Amino acid sequence: MHEINLTPLLEVRDLQVAYGAIHAVKGIDLHIGSGELVALIGSNGAGKTTTLKTLAGLLHPASGQIQYGGENLNNIAAHRRVAMGIALVPEGRGVFARLTVAENLLMGAYSRNDRHEITTDLERMCALFPRLAERRGQLAGTLSGGEQQMVAMARALMSSPRLLMLDEPSMGLAPLMVQKIFETIRDIAALGMSILLVEQNARLALQAASRGYVMESGAITLSGASGELLGSDAVQRAYLGG
Amino acid sequence: MEIFLQQIINGLVQGSVYALVALGYTMVYGILGLINFAHGEVVMVGAMLALSALTAMLGWGAPPLLALPISLILAMLGCMVLGYGIERIAYRPLRHAPRLAPLITAIGVSIVLQNLAMMIWGRQYHAFPQLVANQPHLIGGAIINDIQIIIFILALAIMAGLIVVVHRTRLGRAMRAVAENQHAAQLMGVDINRVISITFMLGSALAAIAGVMVSANYGLAHYYMGFLLGLKAFTAAVLGGIGNLRGAMLGGLLLGLIESLGAGYIGDMTGGFLGSHYQDVFAFFVLIAVLVFRPSGLLGERIAERA
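Chains A and B are the protein sequences, given in the same order. In terms of our numbering, the first sequence opens at residue 1 and continues consecutively. In terms of our numbering, the second sequence opens at residue 1 and continues consecutively.
The shape of chain A in the complex, shown without the other chains (with noise of 0.2 Å):
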């Protein structure tokens, strides 16, 4: 029921990440479906930022494979992957203060030709961010912390990606924001678009996701359908504070 389709989205091969001579990611294998919402947990310092931002590009794998629709993806620059479907929206969010919000959302639609769709999509976020489309004129910079997440989601989808991976993104929001915009991302998944959802707030994640990867200094320790993490010890000890 969890394998939705048979040759998935994204595949990740004995992928190994290195900053110099810290090893930050020690050889994982991941792979996401497409339509398919999977949650990447684990601490702080565990290599998920170092493990997106190397799907996305910014940073090159030391070795092994990344392979995105049937293409490898390890000699393609970062924003040549905008333009194939990946979409990354950046721990702490990575808006552009001094561009207004429609400027963002623009920026989020720098890789495509479409103009007339460009303008259909514009309206869909203002639909899904009533709160943005309020906002339109104003510097990004002088949003609230949440008001900023949904820029960077809503500039992120503007790419008409067709994998969106979220870093972080009930970092530093109230809780009631947080709700909001785990809605949103379900909402978002609902439509069909494989997330790739990387969270501190591991039952959050787990409760949103079908599926799930703990990844502990560099390396994944345990996989599986969200159910059965959210019920297995380990991660209750490690991760839930049960």
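Think of the hints as simulated: they come from the structure by calculation, not from any bench. From a predicted model like this one, the values you see are computed outputs, not experimental measurements. Here a beta-carbon is modelled for each residue, glycine too, at the ideal position from N, C-alpha and C. Mixed in with the good hints there might be a few duds.
What the hints assert, rightly or not - Taking beta-carbon pairs under 8 Å as the criterion, some of the chain A residues facing chain B (in silico):
id, residue
1, A56
2, A97
3, M107
4, G108
5, Y110
6, G146
As the list claims (entries may be wrong) - Per the computed footprint, the stretches of chain A lying under chain B, defined by three or more beta-carbons under 8 Å from a beta-carbon of chain B, are:
id, stretch
7, 72 to 82
8, 87 to 94
Following the hints, put chain B in place on chain A, whose structure we already have.
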């Protein structure tokens, strides 16, 4: 009163040239956080290229009013190639090096360009041909001639155009995005190397125009003309707030005015002890004063925002 008005006119004309050059410094600083100290030499190369093209075309009997715009365009193209090359060779390999390293290569490029120019065009001053009739006009007792009018209006039009490009186009959005956060810009699909190259080329095209303006205004071109002009334009950029486009424009015009009014009145102020040949001193007084009292410049943002 006539003298005052005359100094204002001279200051605005010279200031608009400073502004065009200052824009080149400020755009590169905005996007890379780097002072391109070779930029003044690009101005000089622009003037020299235009001079050579103009001389050649006039020699072939081309009509002056056709030869001038063509040589201006050739100078702009030449400088764009030069600006691209400078970034590619002297700065890109050092993108992640400590900030002092590209500063040193900038000075190196500057020396190389000066010496190449000296080898190609010689050490002597070249007369820049007078092509426009250059009619003087009298307003309120002060004189402004055709070339000065053209320089001022053209400079304002170019600055307005640049504002439109940076604030209203897809390229301008990408430039601002790269200036703010290179990683996030990449995640939007922006090829940041391309945007950085285009920024250098735009700045260099403005430098070429400024070089032709200076030479046409004073009727002279020289292999060393870029050095002082570059330093003054850098001062103008700092005065306005480096990294800020409108600041560069404002700083350029203000510096032109300060210099020209200072030169006009320094004799009176010092009882004839110092004369107008001390003109160049004012720019550097301004630079020191800004750095001491308002390092972020007139329109600059707090430095913390760049962190």
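Cross-check of the supplied hints:
{"no.": "1", "hint": "A56", "verdict": "6 Å, holds"}
{"no.": "2", "hint": "A97", "verdict": "7 Å, holds"}
{"no.": "3", "hint": "M107", "verdict": "5 Å, holds"}
{"no.": "4", "hint": "G108", "verdict": "6 Å, holds"}
{"no.": "5", "hint": "Y110", "verdict": "5 Å, holds"}
{"no.": "6", "hint": "G146", "verdict": "18 Å, violated"}
{"no.": "7", "hint": "72 to 82", "verdict": "holds (count 5)"}
{"no.": "8", "hint": "87 to 94", "verdict": "holds (count 4)"}
Hint 6 from the earlier list is the only one contradicted by this structure; the remaining hints agree with it.
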